[in-house]
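Sequence order for the protein chains is A and B.
In terms of my numbering, the numbers along the first sequence are unbroken and rise by one, the last being 299.
In terms of my numbering, the numbers along the second sequence are unbroken and rise by one, the last being 1031.
Just to be clear, a hint being listed does not mean it is correct.
To be verified - Pairs of lysine-lysine residues, derived as DSS-like cross-links and limited to a Cα-Cα distance of at most 30 angstroms, are as follows:
| no. | chain 1 | residue 1 | chain 2 | residue 2 |
| --- | --- | --- | --- | --- |
| 1 | A | Lys106 | B | Lys395 |
| 2 | B | Lys565 | A | Lys202 |
| 3 | B | Lys394 | A | Lys103 |
| 4 | B | Lys637 | A | Lys103 |
| 5 | A | Lys106 | B | Lys578 |
| 6 | B | Lys394 | A | Lys26 |
| 7 | B | Lys395 | B | Lys666 |
| 8 | B | Lys308 | A | Lys202 |
| 9 | B | Lys395 | A | Lys121 |
| 10 | B | Lys394 | A | Lys121 |
| 11 | B | Lys578 | A | Lys123 |
| 12 | A | Lys26 | B | Lys637 |
| 13 | A | Lys103 | B | Lys578 |
| 14 | A | Lys202 | A | Lys26 |
| 15 | A | Lys202 | B | Lys578 |
| 16 | A | Lys132 | B | Lys408 |
| 17 | B | Lys394 | A | Lys129 |
| 18 | B | Lys860 | A | Lys202 |
| 19 | B | Lys408 | A | Lys103 |
| 20 | B | Lys578 | A | Lys25 |
| 21 | B | Lys395 | A | Lys26 |
| 22 | B | Lys395 | A | Lys166 |
| 23 | B | Lys408 | A | Lys123 |
| 24 | A | Lys106 | B | Lys408 |
Hints listed in this document are in silico derivations from the structure and should not be mistaken for laboratory results.
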Amino acid sequence: MIVVNGVSKSFGDILAVDNITLDIKKGSVFGLIGTNGAGKSTLLRLLCGILAEDAGTVTIDGERVFENIAIKERCFYISDNQYFFSNCTPNDMRNYYADIYRKFDKNRFDSLLQSFGLNPKRKINTFSKGMKKQVSVICAVSAMTDYIFCDETFDGLDPVMRQAVKSIFAGDIADREMTPIIASHNLRELEDICDHIGLLHKGGMLLSHDLEDMKLGIHKIQAVFNEEITRESFPSLEIISLDKRGSLYTIVVRGQEKEAAAALNSKNPVFMEILPLTLEEIFISETEVTGYDIKSLIV
Amino acid sequence: MTSNRSSSKFIDFGMIFGYVRRTVWLPTLIFLSLFFAMPVALALKIQTSVVGITTQWNALTIYAFEPNNALVKFIFVVAAIVCGLVIFSFIHSQKKVDFYHSLPISRSKLFVNNYLAGIFNLLLPYLLAVILSLVVLAGNGILSYLDWGIFFAGIGIHLLGYLAIYSFVVLAAVITGNVVVNFLVAGIFLGIGPLFIGLYTWLMNTFYENFYGALFDTEKLLTYVSPLLRYVMIDNYQYALDWADALSLFVFAAVAFVLSLFLYKKRSSEKAGSAIAFKWVKPILKYPVIAICAVGFGLMLYEVSNTDEGHFWLYFGFVCGGVISSRIIEIIYAFDFKAIKKNWVSLAVFAVVFACIMAVPVADLTKYDAYQPKAEQVNKIELDLEYFNKFAENRSYNFNYRYYNDDNRNRLIAFTEEADIAKVLALTAKAVQMTEDPEADVYHDYMDYNWGNIYRGSNTSIGVIYTLENGNKVKRYYSYRPTDLLMDEISQVVDTNAYKTQIYSDFNKNIEDIVIGDIIAFEGSSSENNFNLESLNLIARQKLYNTYKEELLALDSNVMKTTMPIGTVEIMVLLSPDHPMIKGRNIVLEKGQSFTYSVYYPIYPSFKNTLKELQALGLDLQVFEANAENVVSVDITDSTVYNEAMLEKQKALDAQGMAGPMATVEDKAIGAEVKTIKDKAEIAKILKESYTEKAYEYNSFILPNNNISINVNYISDYSDYGATSRYFPVKD
């Protein structure tokens, strides 16, 4: 478990991370969301021990990460712009990492490389941006670490590869409780993989919630009624939004699903369906409460 | 330890060679350079040399390996700088720092392995070049002549030199965040010490006429403030590994390594890309550089101006040098031209402190030049009459058929007796008085153009270290004082027992450590005027040695003022194992080998007993004289009138505050009168009234009239021993 307790980090006069506190449970998929400059990369670099905290502490399973070799052996950091040795091939990187990480699985590396259709003997500097991302992900999952820190890793991957990477992550999470921490400025990228989201803004953590908890409390219902309805028609419900397109109403409500359905059924809808919420919709709902315009904070 | 390989806590050879492989172009380039500088150069040298005797083979075989090989030194210096910059360039790239610092490798281990990779980058190609050079020697059948002491000394010194310079570049890498700034800071680290000393000496020499600077300390000190100079200026009379040299280079490397490692562990990863990684380093680098630029610029303009407005240009240079350098530094620190506006207040504070410090030499606030301690304040005086009795200080070292001159050795003669101290103080008081004396000073000022020397006959420089009763040491150097004006005071000092016993210290030795070598007359044909006494047995040697010693120590200035020596005796002194030339150099003298130095001492006609003993041994020095019969003609070049005219012109120009007549120096030859004399009687008169150039070297009390030079043209089968150039003595 990663515990971030009141961590701050400044670069000169710039406060990049401001008094952040959060917990990341083992086996969860943690998404760090925020605009450019929100502090995502800095927080990731603090989490994996590249940077030392100015204040507060970052611990993994109770031990401080910075300069802790035993802990860092359980972490793999995939940078936004991953470094590869000049003129090296995927095989060179495999051998290097195999020397560094005790649990590095060379067979897995070879097999994944083959699955992704990457030539193990081709120089990495001749690869496209997406292919380089694939190599770094393959290195990361082959290192068999408990934690993988991904900085904008899905950016640049095509949809097929993105899905393939997500599948590998899902498999590792299920098999060995791997914990990916994924930073992205794109909420939609994380939608179908994260189970916990932290929203960063100007170095501070705006919110951090379990996705399931968030989903359980918010419901999107589409319905057609014979009569005109307004928010006041359902005084027992906490309605977050109510839109009407033609005769179709889309209502987002906070509360128990059964209670919401019962309240709406009391108006004898011609049609009614409870739909899953997108991550964006959940965030819009959540941040509205705190007075932020979420659309300006996420893509 | 996390690596799968077997490795220690800090050292992982797999990782090190991984680094070396990834920068393989570096060892390749180094090898190519060393390949041509060592085995190829050696092979060419062997092929083009015509040698046949052991001595020359010895000198030839060590060529590629010796510590003094300038080409190898140059390659090592460049390699150390490039390797330091390249190997540690990763800490200047955010991308690379993130990569390396995210890995489960401790910073100490990462640093140590990178550091070692930089060493192996050179070590591997160097060893290969060494092996190939040995193959070249073996291939030519001369490997057996190789002096293994020098071989290992060379390898040791070169590697330590590399290590020291490389470590300083690494230290610069750790405190900077950019490769260009790294290069600049490495330059500061390697050069600021020598620059500081150089500028200090320049400043003091400019404003203090009697500054005691370069004469004794500067060169030595220079080598201890920069690993670069320590390595480059390793003694040129190196026989084997000098442990002092080796230790000093090792200390340089160790200090830089420990400091680098400590700072690397403290260094924030995010500093990659910035100019300087540690805030506290900025002023430490900035202000010394500003001070050096200000002083350097000021002195340069002061020297160039060379007029009464010199002080204006000095201050102008101080301001320009200080402001320009400080603004450049601010721009570099911020990587932003707009930073030119930053930190003016701190610069102003620094300028005030700087001005206060500079006021001391510029205005001579401490009355430095006029300083003269009172006799009761002085505990001891050490004196160096630099150009006086110079012969006694010139040593020629001889080891294993290799000869080295040590002409720059300065001997300080210590005076502790009250009477002696009074005599030396009288001499230095006269020298101080000349500082302000226009008549004496005119010759001093024109020494650059040689006028004073030509006109006066010769000059004397006096170095003094006063040890005061309170334990403080005060040093002064009175340079280029006209010898004739100081003759009386010098006589008083030279005639003291303290002076004689120290200047002739070779006569304090046991006879077992002394060999009497060549006896040479100044006059006569070199085919007959010398005699070697090395084969003298102990008893005969002891007798001659004691006789000569007695007469030399009895020689006083009154005799020297009226009589010229007629020849020299070579005193060869066997070096003891603890002599600095031997100690620490791993020298083992084999049977029949000796390590000696030679000094040539004068023989005066007044040394009756010595001459008598030499006569008994078959050499009568007195029979050798300049004989007109052996001379075809004599050319006399008389510049007296011209030189006097030029000196007057010089004084006139000086009175007008104008620069010296540099342009007229070449006219000197045109203005001189050259006369060729063939008349035997006239030649005989000239030869009788003049002395050989060599004779003047051994008696500083009789000054040569440099205005009139005599060139003797001998008959074709006459073998000359330095008797061609002659001078008349200066007469009152």
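Hint check results:
Distance hint between Lys106 of chain A and Lys395 of chain B is fulfilled; the C-alpha atoms sit about 24 angstroms from each other, no more than 30 angstroms. This hinted pair checks out: Lys565 of chain B and Lys202 of chain A have alpha carbons roughly 27 angstroms apart, not beyond 30 angstroms. As the CA atoms of Lys394 of chain B and Lys103 of chain A are separated by approximately 25 angstroms, the hinted pair is consistent with the 30 angstroms bound. With a C-alpha separation of about 51 angstroms, the suggested pairing of Lys637 of chain B with Lys103 of chain A is violated against the 30 angstroms cut-off.
Distance hint between Lys106 of chain A and Lys578 of chain B is unfulfilled; the C-alpha atoms sit about 44 angstroms from each other, more than 30 angstroms. Pair hint Lys394 of chain B plus Lys26 of chain A holds up; C-alpha atoms about 28 angstroms apart against a cutoff of 30 angstroms. Restraint check: the Cα-Cα separation between Lys395 of chain B and Lys666 of chain B comes to about 59 angstroms, which exceeds 30 angstroms; the hinted pair is violated. Restraint check for Lys308 of chain B and Lys202 of chain A: the C-alpha separation of about 41 angstroms exceeds 30 angstroms, so the hint is violated.
The suggested pairing of Lys395 of chain B with Lys121 of chain A holds, with an alpha-carbon distance near 22 angstroms, which does not exceed 30 angstroms. This hinted pair checks out: Lys394 of chain B and Lys121 of chain A have alpha carbons roughly 23 angstroms apart, not beyond 30 angstroms. Straight-line distance between C-alpha atoms of Lys578 of chain B and Lys123 of chain A comes to about 40 angstroms, which puts the hinted pair past the 30 angstroms bound. Under the criterion of a C-alpha separation no larger than 30 angstroms, the hint pairing Lys26 of chain A with Lys637 of chain B is inconsistent with the structure, at around 49 angstroms.
At most 30 angstroms may separate the alpha-carbon atoms for a hinted pair to count; Lys103 of chain A and Lys578 of chain B exceed this at roughly 40 angstroms. Among the hinted pairs, Lys202 of chain A with Lys26 of chain A is consistent with the structure: their alpha-carbon atoms are about 27 angstroms apart, no more than 30 angstroms. For the given pair, Lys202 of chain A sits about 26 angstroms from Lys578 of chain B by alpha-carbon distance, which is consistent with the 30 angstroms threshold. A threshold of 30 angstroms between alpha carbons decides the hint, and for Lys132 of chain A with Lys408 of chain B the separation of about 28 angstroms falls inside it, so the pair holds.
Our distance criterion of 30 angstroms between C-alpha atoms is met by Lys394 of chain B and Lys129 of chain A, whose separation comes to about 15 angstroms. Proximity of Lys860 of chain B to Lys202 of chain A is assessed by CA-CA distance (about 93 angstroms); at most 30 angstroms being required, the pair is judged violated. For the given pair, Lys408 of chain B sits about 20 angstroms from Lys103 of chain A by alpha-carbon distance, which is consistent with the 30 angstroms threshold. Simply put, Lys578 of chain B and Lys25 of chain A have alpha-carbon atoms about 38 angstroms apart, too far for the 30 angstroms limit, and the pair is violated.
Under the criterion of a C-alpha separation no larger than 30 angstroms, the hint pairing Lys395 of chain B with Lys26 of chain A is consistent with the structure, at around 29 angstroms. At roughly 27 angstroms between alpha-carbon atoms, Lys395 of chain B and Lys166 of chain A fall within 30 angstroms of each other, so this suggested pair holds. At roughly 28 angstroms between alpha-carbon atoms, Lys408 of chain B and Lys123 of chain A fall within 30 angstroms of each other, so this suggested pair holds. Using a Cα cut-off of 30 angstroms, the hinted pair Lys106 of chain A and Lys408 of chain B holds, with the two alpha carbons roughly 25 angstroms apart.
Violated hints, listed in ascending order, are 4, 5, 7, 8, 11, 12, 13, 18 and 20; each of the other numbered hints is respected by the structure.
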